[in-house]
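Heads up: the sequence lines are chains R and L, in that order. 1 is the number of the first residue of the first sequence in full-length UniProt numbering; add one for each residue after it. 1 is the number of the first residue of the second sequence in full-length UniProt numbering; add one for each residue after it.
No lab work stands behind these hints: they were computed from the structure. It is possible that part of the hints are untrue.
[As the list claims (entries may be wrong)] These stretches of chain L come out as covered by chain R in the derived footprint (C-beta under 8 Å, 3 or more residues):
id: 1; segment: 125-136
id: 2; segment: 224-236
[What the hints assert, rightly or not] Quick partial rundown of chain L residues pointing at chain R, CB under 8 Å, derived from the structure:
id: 3; residue: 1
id: 4; residue: 2
id: 5; residue: 46
id: 6; residue: 206
[Claimed, not checked] Facing chain R, a subset of chain L residues (Cβ under 10 Å, in silico):
id: 7; residue: 41
id: 8; residue: 77
id: 9; residue: 88
id: 10; residue: 246
Don't be surprised by glycine CBs; every beta carbon is placed ideally from N, CA and C.
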Amino acid sequence: MLATDNPRLRVSRGKLQLKNPVLSASGTFGYGTELQDIAHPEHYGGIALKGITLKPRSGNPPPRLVEAVGGVINSVGLQNDGVQDFVEKKVIPLQSYNTTIIANINGVQLEDYWMMAEKLEGSPIDYIEINVSCPNLKEGGVEFGKSPKSIAAIVSGVRKRTTIPLMLKLTPQVTDIKEIIKAAEDNGLDIVTLINTYPAIVIDINTKKPVLGNIRGGFSGPAVKPMAINLVWEARKATKLPIVGMGGVCSWQDAVEFMLAGADAVAVGTWHFINPGIALEIAEGLMAYMDKNGFESVSEITGYTWRQYNE
Amino acid sequence: MIQTRAIVTNIRDLGADYFLLEVESPEIAGASKPGHFVNVLIQDSARVVLRRPIAVFDVKSNRVQLLVKSIGEGTRWISLREPGDVVNLLGPLGKGLFDKTDAKRVIMVAGGVGLAPLYYYLTYYKELNIKTVLFYGARNAKSILFQNELLELTDECVFVTEDGSLGEKGLVTDELRRYYLEHGTAEGDVVFACGPKFMLKQVVDFADAEHIECFVSLESFMGCGAGVCLSCVIPARHYSQDGDKYFKLCTDGPVINSNIIDKRYFEESYAGH
Ligand SMILES: Cc1cc2nc3c(=O)[nH]c(=O)nc-3n(C[C@H](O)[C@H](O)[C@H](O)COP(=O)(O)OP(=O)(O)OC[C@H]3O[C@@H](n4cnc5c(N)ncnc54)[C@H](O)[C@@H]3O)c2cc1C
Ligand SMILES: Cc1cc2nc3c(=O)[nH]c(=O)nc-3n(C[C@H](O)[C@H](O)[C@H](O)COP(=O)(O)O)c2cc1C
Ligand code: FES
């Protein structure tokens, strides 16, 4: 049996039900099957597919990716074929896999989220991840993520239209994380996921122009990890809902750290580009860590450190 | 596609910042076709995060050869490998385009390190007994690599240098034009080109005007190299309803038919440059 299927790695808190605590982060794992020679969908507790919008979008002009110390800055801009194509084509091949499927939805206006929820209801996905933190949308996107009022409206509207469990993906630029989470929780949220990328710009000093075609992009990768862990810690204070932590997960050690801070599960993003086989490695690392540290199940790691300072 | 820790079996300093790295990887060697590339993990560097894409230059039984020009931290790291070192590779990546086996004559146009992806095609066409003509341009004589091998592999080989220190003086594209003026267009010609953008633009314009099927090997900033991140896109000639439409260079290319590329891509002013 692969470590990814070991029952000691099962996650079960509220609506978050996963065979293991390793997810793929949206936008870094395509539609789930592209990397399967190395990163099989079944290595994951869940896979978040590339973000979708109501209508097809061609995305931002290239270049869309540039490096910075400790990470990358992307301005992909939600290139996708729209929710209809997603339901008809993208999710179908994934149904047969023993993992959970997360649809990452994005809107330029509140109603977009609601209409997408309607389209997704009845499709074979396990979670809807409401993305209110994309820095690559000119309108909507991350601006919604900073306003408890918008969050309340989006989540309640989506909740009314679907029975699929709801995740909310937070921006690291949250104003008051307690208020944001409360606004979502009061309106039917099931799971908190965080963080998305940090807005960032790189300028080429020779051409004296921004490197990215869209000028600005979102920063992710190992450098954001300590900030992401801080936000998981803060989110844990704000809610008892399950938390999926991400931002710079590059190894099983990083996964453990997120969990000690209060995450029930973690997602791998950027590091898929460097080490596509990472999910299996994390699962194996978690097993060895649990044996060495006397944890019977992975849920015992969750919040272990956090509790000592907050209870 | 596999991820592997390959042992360096040989590395040759070819001069002019060029290096030929040879690694042992039966899996990648066995699966590689012309047009494929590998993503090399650069280690021990705080600045380099992403893997570096490098074309498969040639395959010799279980060994894969990479021709690398050292231009920055990542490629310098590759150039400093020694026999016995381990290099982490992801590959083969790309479409591995090799369906032009019905070509009557293959015209290759290489500019500088642009020779890298074309060499493997030359070895294949040689095996298929298809006639090949190579136009290979570089700055000077020192930067023209593998002269003997190329003379051996091709039916005709034209070296071009900017300073005239070897072969013809000038630009490869001028020699390409001259060749066609002298020999005329042949039915069943196929052009392959790799090199700087201004060179590619000239080749593509020429091929368009002469109605010759033309394939170019392009570069872009890559993240995953495997079709999941949508970072590497190149604008496609045919528009979608909401504006531009892109294709993924890593999985639709990097060698692609020039007639699907939006010509704006070849302009100096294009942001993706
Ligand atoms: C499909 C493909 C095949 C290639 N094959 C070869 C080859 O066979 N031999 C060879 O010498 N070079 C090849 N290159 C180019 C090579 O990848 C770059 O020279 C290398 O990435 C530069 O890295 P660096 O750290 O040395 O330089 P840096 O200082 O990081 O960058 C110098 C320049 O290289 C380019 N570059 C950097 N990172 C990337 C990236 N991830 N993807 C694309 N371009 C990048 C940018 O234009 C940048 O301005 C290929 C590129 C692509 C896309
Ligand atoms: C190329 C790229 C594309 C992304 N696309 C999306 C997206 O469509 N939706 C989304 O919610 N997050 C997207 N993200 C953000 C990631 O899901 C993740 O939140 C972020 O990268 C932090 O994790 P990491 O440091 O492990 O990459 C993208 C990130 C990258 C690098
Ligand atoms: S490099 Fe990721 S899709 Fe091409």
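A quick look at each hint next to the structure:
1. Remark: the segment 125-136 of chain L is not confirmed as covered by chain R, as 0 of its residues place a Cβ nearer than 8 Å to a Cβ of that chain, below the required three.
2. Evaluation of the coverage hint for the segment 224-236 of chain L: fulfilled, as 12 residues show C-beta separations to chain R shorter than 8 Å, against a requirement of three.
3. For residue 1 of chain L, the interface hint holds, the least distance from its beta-carbon to any beta-carbon of chain R being 5 Å, beneath 8 Å.
4. For the restraint placing residue 2 of chain L at the interface with chain R, the shortest Cβ-Cβ distance is roughly 7 Å, inside the 8 Å limit, so the hint holds.
5. Restraint check, residue 46 of chain L versus chain R: the minimum CB separation of about 6 Å is within 8 Å; hint holds.
6. Interface restraint check: residue 206 of chain L against chain R, minimum CB-CB distance 25 Å, threshold 8 Å, status violated.
7. With a cut of 10 Å, the hint placing residue 41 of chain L at the interface with chain R holds, because the nearest CB-to-CB distance is about 7 Å.
8. Among the interface hints, the one on residue 77 of chain L is violated; its C-beta lies about 14 Å from the nearest C-beta in chain R, farther than the 10 Å criterion.
9. Hint status for residue 88 of chain L: holds, given a least beta-carbon distance of 9 Å to chain R, under 10 Å.
10. With a least beta-carbon distance of about 6 Å to chain R, the hint placing residue 246 of chain L at the interface is held under the 10 Å criterion.
This entry does not satisfy hints 1, 6, 8, going by the numbered hints stated previously.
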